[in-house]
Amino acid sequence: MTGRHAGRSSGLSRSTRQPRARPRPTRTWLLRTAALVVLVLVGLGGWLIWSGLQARDELSAARVATQQLRHALLAGDAAAAKVALAEVTAHANRAHSLTGGPVWAAAAWVPYLGRTPEAVTRAATAVDGIARGVLPGLADVAKGMNPSTLRQGDRVDIAGLEAVAPAVTAASGHLRVSERQLADIQLDGVVGPVAIGVRGLRDEVTTLGDQLDAAATATRLLPAMLGADMPRRYLVVFQNNAEARGTGGLVGAFAVVQATKGRISVVRLGSDSELKSATAPVVDLGPAYRALFGTDPALWANTNLSAHFPSAAVQQLGLWQRQFGERLDGVIAMDPVVLGYLLGPAGSPGPATLPGGERITGAKVADLTMREVYARYAAPSQVLQRKAYLQLVARAALDHLIAGGGNAHLELDALGRAAGERRLLVYSAHPEEETLLGGTALGGVVDARPGPYAAVALDNAAGSKIDYYLERQLTYSLGQCSVGGSPLRPSTITVTLRDGAPSTGLPEYVAYRLDRGPASTPQGRGGDGSTRETVLVYAAMGAQLTGATLDGATVSVTPGKDGAAPGRPVFVLSVELAAGQTRTVVLDLTEPSTDLPARSWVQPLVQPATSTVQAGTCR
Amino acid sequence: MRISRLVAAAAGLGLLLLGPSAMAAAPTYPAQAPTLTLSATSILSGDTVTITGTGFQPGSAATVTWTGSGALGSAGRVPGMAAGTLQMGTRGLTADAAGTISTGVRLTSAGDHTITLAGTAADGSPVSLSATVAVNAAAVGDPLPHTGAPLLTYTAVGLALVLLGGLVVLAVRKRRRDAAAAVAPEAAPVPETVSP
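So the sequence lines, in the order shown, correspond to chains A and B.
For the first sequence, our numbering begins at 1 and goes up steadily by one.
For the second sequence, our numbering begins at 1001 and goes up steadily by one.
Just chain A, with the same shape it has in the complex (with noise of 0.2 Å):
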């Protein structure tokens, strides 16, 4: 406007009023500076544009090299993984040069509408340190971990194991780094698609952090638990889902395993009828626990209880080392689903077979141990027949998976989905194991770390096998974070239950009520396909319970402690299901405000459940 206004003036100027015109030359001087300053900022701003989108499509190539180094070392694929490594590096370093010069130093100085070029420099400099010093040493690794070399038949290479662990260590703890420099990126007011492809980066880097991870917790685990130094005895149990205890399932048949230099062989085999219970709990888990399960969990059928893992595994091996008198080095819970994954049908390594010749497939297994069985040895005097077979089942499985054979990348998928459905569940007495081993889904702890968290586990308290047909859905809702300056938000949590059962012609020992008189009066023998459930509601630290409704009318709840120190607050309601009743409870929590991640989980049993969360973020 003005640089227009001024050079007509002077054009007049120079035209009509030659002796005035002396001056002029300033401002046509100022009027070419100005001219060259904006052709230089239109030049500088292209060239950002230019090298920027240059920049992007580097880093989302580096992107996509990295997914593909990922697969290729989790494949054991030594040779891909070089190439993609070669890859993400010439992308990363290309990306990296393209937003390091002064350009785009400076421009990263202008207040606000810098943050973009700030942003995308940050990303090329994290990008380029994962290449140069997280990547290389990985290739190493994949070629040490690679599974189907770990595993040869029953033996597990602990030397191959111990040779790579510092690597992996290493190369873990480079990318925690570089995972802090892509979080501490300011994303506030940078472009959409510069800000979307730096969260992109963010969760690509967390998944490879948290698989290397997972790989240096296991590779500084597992020698010691294999048995590198000394024998190492386990005792395992089989968890019954169709009746449900705060860590899965009922404890059915169980197995003692030994791991001798990595070698594995199974020790014993029993079912439960041989476990003697104990009049008062072996093991004192303090004030809180006992106000929550009294003196139940000095029964075998009662031990696990809490969903907390460890707390079940202290128990048991307290009454097996009361009973036999030996010191076990640690429990491996199991349920008949992980059988069921690792037999197929998919995976490997396929079908048992049984001494009769009978094929147990993987997709198969759990109704046929959790609902079959019941019906095929229905009479009351079969029980021990019933309980042989499902050793049979636990056996053959057991020999199946230990003789190895199978595919052990598919045997390793399955074991890590059981693990993240807490389906497979590991206990140290070696505290040092312990505490690496509560750090991954492995542990089934219920943790005491902050943040928005629910969980919902249930206890049979009919003494039925119902649970085989129960549904639950589990919805956590939060609320805005500090309304009023509040250090506190609202919260609520919704437990839908529903049993699936048919209302009649179930076996005998499947519909018991045993809550309501012993198995010899027509009250407990039930049979209309109802129970009653014991609901473990795991809140928020710092939760407290504001009310509670089932179906809409008020209820009370009994507010608990459990889990690892100082205990997770829990919110305990008894809840009567008949055949076919779906019943919502819900409970309006207030919870501290965090901006950490909301974490939910369902106790895994034989129906799917479903769990959602709905929350927005705390700034």
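Don't take each hint at face value.
Which chain B residues face chain A? A few, computed with CB under 7 Å, are given here [what the hints assert, rightly or not]:
hint, residue
1, P1030
2, P1034
3, L1036
4, P1058
5, A1131
Please keep in mind that the hints were generated in silico from the structure rather than gathered at the bench.
Predicted model only: the values in this text are computed from it and were never measured.
Yeah, the Cβ is synthetic: ideal placement off N, Cα and C, and Gly gets one too.
Dock chain B against chain A, hints included.
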């Protein structure tokens, strides 16, 4: 009446000091659900919390005791207890035919309160159950509504400032131009008037 309340209070305090006795009942299968339930663990001062106990001997006597700052309720201070250290209220109750005890307690002062239910279990053994209730000062007025993303607010304020700045610059330029026009052409070539 007053005497019996004080005795009940003293008994409740005695149980508290001894700590809740472990449930003496033998372990059972299937496991029993816990027997003390509350309607809430966090209430506003002046609100009532409902306390329910199950598994008591039908018709047996029981005592509910609540302690905490400002818990002084229907009963007076326990003789011999220093004022201001631990305050408590207590109430005698009777289990119904099903062995259930239920009562409401109104708590008026902010702070954590311990609620203890002591009596006789169905099998005749003594039982004491306790839980904690947080009493919050009642909110004054409505909480402020959440204002949404601050980024938008800052952006709007920033834009307004930029616009305002632009207007000021334009206004100044216009005034300068007007002033220049008013004195031109004579005043515009200032150097000429100085030069000889």
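* To do: Could you tell me which of the hints above the structure violates, numbers in ascending order?
  => Violated hint: only 4; rest satisfied.
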